[in-house]
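A.B. asks: Listed here are the chains, written in short residue letters.
2 protein chains.
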Amino acid sequence: MINRLMEDIRKKQAPIVVGLDPMLSYVPEKIKKAAFEEFGETPEGAAEAFYRFNCGIVDATCDLVPAYKPQAAMYEQLGLAGMAAFAKTVKYCQEKGAVVIGDVKRGDIGSTSEAYAVGHLGSVEIGGKKFSGFNEDFITVNPYLGSDGIKPFMKVCKEEKKGIFVLVKTSNPSSGELQDRLIDGRPLYEHVGEMVSAWGSELMGDAYSYVGAVVGATYPEMGAVLRKIMPKTLILVPGYGAQGGRGADLVNFFNEDGLGAIVNSSRGIIAAWKQEKYASFGADNYAEAARAAVLDMKEDIGGALAAAGK
Amino acid sequence: MINRLMEDIRKKQAPIVVGLDPMLSYVPEKIKKAAFEEFGETPEGAAEAFYRFNCGIVDATCDLVPAYKPQAAMYEQLGLAGMAAFAKTVKYCQEKGAVVIGDVKRGDIGSTSEAYAVGHLGSVEIGGKKFSGFNEDFITVNPYLGSDGIKPFMKVCKEEKKGIFVLVKTSNPSSGELQDRLIDGRPLYEHVGEMVSAWGSELMGDAYSYVGAVVGATYPEMGAVLRKIMPKTLILVPGYGAQGGRGADLVNFFNEDGLGAIVNSSRGIIAAWKQEKYASFGADNYAEAARAAVLDMKEDIGGALAAAGK
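For the protein sequence lines, the chains are F and Y, in the order given. Residue 732 is where the first sequence starts when you use my numbering, and the numbers rise one by one after that. Residue 732 is where the second sequence starts when you use my numbering, and the numbers rise one by one after that.
The hints are simulated quantities; they were obtained by calculation from the structure and are not laboratory data. A quick note: this is a predicted structure, and the numbers were derived from the prediction, not measured. Do not take every clue at face value.
One copy or two, it doesn't matter: identical chains are merged, so the pair holds either way.
Stated by the list, open to error - Pairs of lysine-lysine, DSS-like flavour, derived with a Cα cap of 27 Å:
hint: 1; residue 1: Lys861; residue 2: Lys742
hint: 2; residue 1: Lys959; residue 2: Lys892
hint: 3; residue 1: Lys860; residue 2: Lys819
hint: 4; residue 1: Lys743; residue 2: Lys959
hint: 5; residue 1: Lys860; residue 2: Lys822
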């Protein structure tokens, strides 16, 4: 799956993943009204509205981008109905030919981590038959529990040829409270980067590893250091756009071959129609507004990479 | 909810939480067969088997223990059917008068953490009406992302009078890879303990805070240090029994008043019938075997606390 993702990034010339993190305020009235009429003003109705909204975004952008990243929390807040919409969204993206990164940030130990891995990337065996759960292609995982928490995910990744992105340096303002603390003179995130690089070397694709990393766009200098520590790691970069990152900040995250990073934008794309810049599209054309935002993002990043000679 | 939990621990003289982490191999054939006949040898059948198994455990032990801790991963591996069994299990425990700690180890930032908090502890508002998702009383959360990841949970906890347990020092062998690293001469987990104590002081119950901590039974010396750093924090202690922790190891986690910790046992209780010690109960009496294991655990911990004068 890592080889396919790298190939799709190259073919589409778009190191971009669209974050499908819906909120009801992003969903045009027309979609909400139809879903509520059919399923009631209930979590079921809201979940259906999320799903229909996502389908529109995917239809309008899947020729441009290699991957989508649904954020589990936005669905989980609607309980079971939300999780069903999450599963349907994963499936829809895959049917449209895209790679899906489940942003679930799971992490536990031993058999428990393996259960998460099975639920999201693998399949359970019951009565000799295999059943897959949420069936993403990649998921995000948390490293706080150490190797015991990561290795069970790697085991399932190896079997399924799927991958993980380990949180290294997150994009939020307070990420430094733990991640920047100095250990033996170097920040914690560098140590985690080294662990990711070592884990990754055990599970290589053709050029990049099945074990990726998450490093926030909001910390470009740290991105440069981490890029060197993890040369064969695909870096998933959140924090572009709404959180403040711009194309010029992103060049550090890429290798000299112009690859090695995939940049996420969520709100900046899926809620583009609510921004002044794209307001002329109107609510009915929210998906076309998202397409325009993707094209602008592609140009922003492509231009910055070209200017940096990458 | 923290006041109620502390009161129930005191009343039942049992600082014990039973971990509802089912695996198909723990479920007696009779229960599996009935569930599979009704729902097929499918995730739906397996999830129903988990639920019925859990109900038996809860019926047999709810007069003895104040709380249950279902581990989300074991349910999530069965996809949507598993999550439905998780939700039903939470509800059943609460109907039987128990407090439920959802072991979900979630953690993200800002509005995303808030979405997890809403889904597990709070409610979403749709069309002016409130709907709760999984509705646990407490959940476990991961601190790697810093305050931005914790504060949104605290906001919902304050509104709902519910609580969280923040991972500080986990019970697994490799937990030290990050958690034990020295920062300014002191291990990372002590720094996290101080953060938990500070967060906790903003959200106090009568004697203990709504912000608890997770510290593994397998590290009793660290437990003693953390107990001092977080005097008003209820410590959730995993790792008893199957993972190697014993009653005598646990006294460090308690305050002089004999309170301040709640010890989890999962496999050691719910799969007691598969241990030699309780094998005479037989598969049909798996729940009675669990009850016997709870009584033994209560005696082990109570004896150790008495011997330590706590």
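A.B. asks: For every hint, state whether the structure bears it out.
C.D. replies: Evaluated hints:
Taking identical chains as interchangeable, the C-alpha atoms of lysine 861 and lysine 742 are never at most 27 Å apart, the minima being 33 Å within one chain and 46 Å between chains. Only within a single protomer do lysine 959 and lysine 892 lie at most 27 Å apart by alpha-carbon distance; the minimum there is 25 Å, versus 46 Å between protomers. Taking identical chains as interchangeable, the C-alpha atoms of lysine 860 and lysine 819 lie at most 27 Å apart whether they share a chain (22 Å) or sit on different chains (25 Å). Within a single copy, lysine 743 and lysine 959 get their C-alpha atoms as close as 25 Å, which meets the 27 Å cut-off; across copies the closest is 56 Å, which misses it.
Taking CA atoms no more than 27 Å apart as the test, lysine 860 paired with lysine 822 passes inside one copy only; the shortest distance there is 20 Å, against 30 Å between copies.
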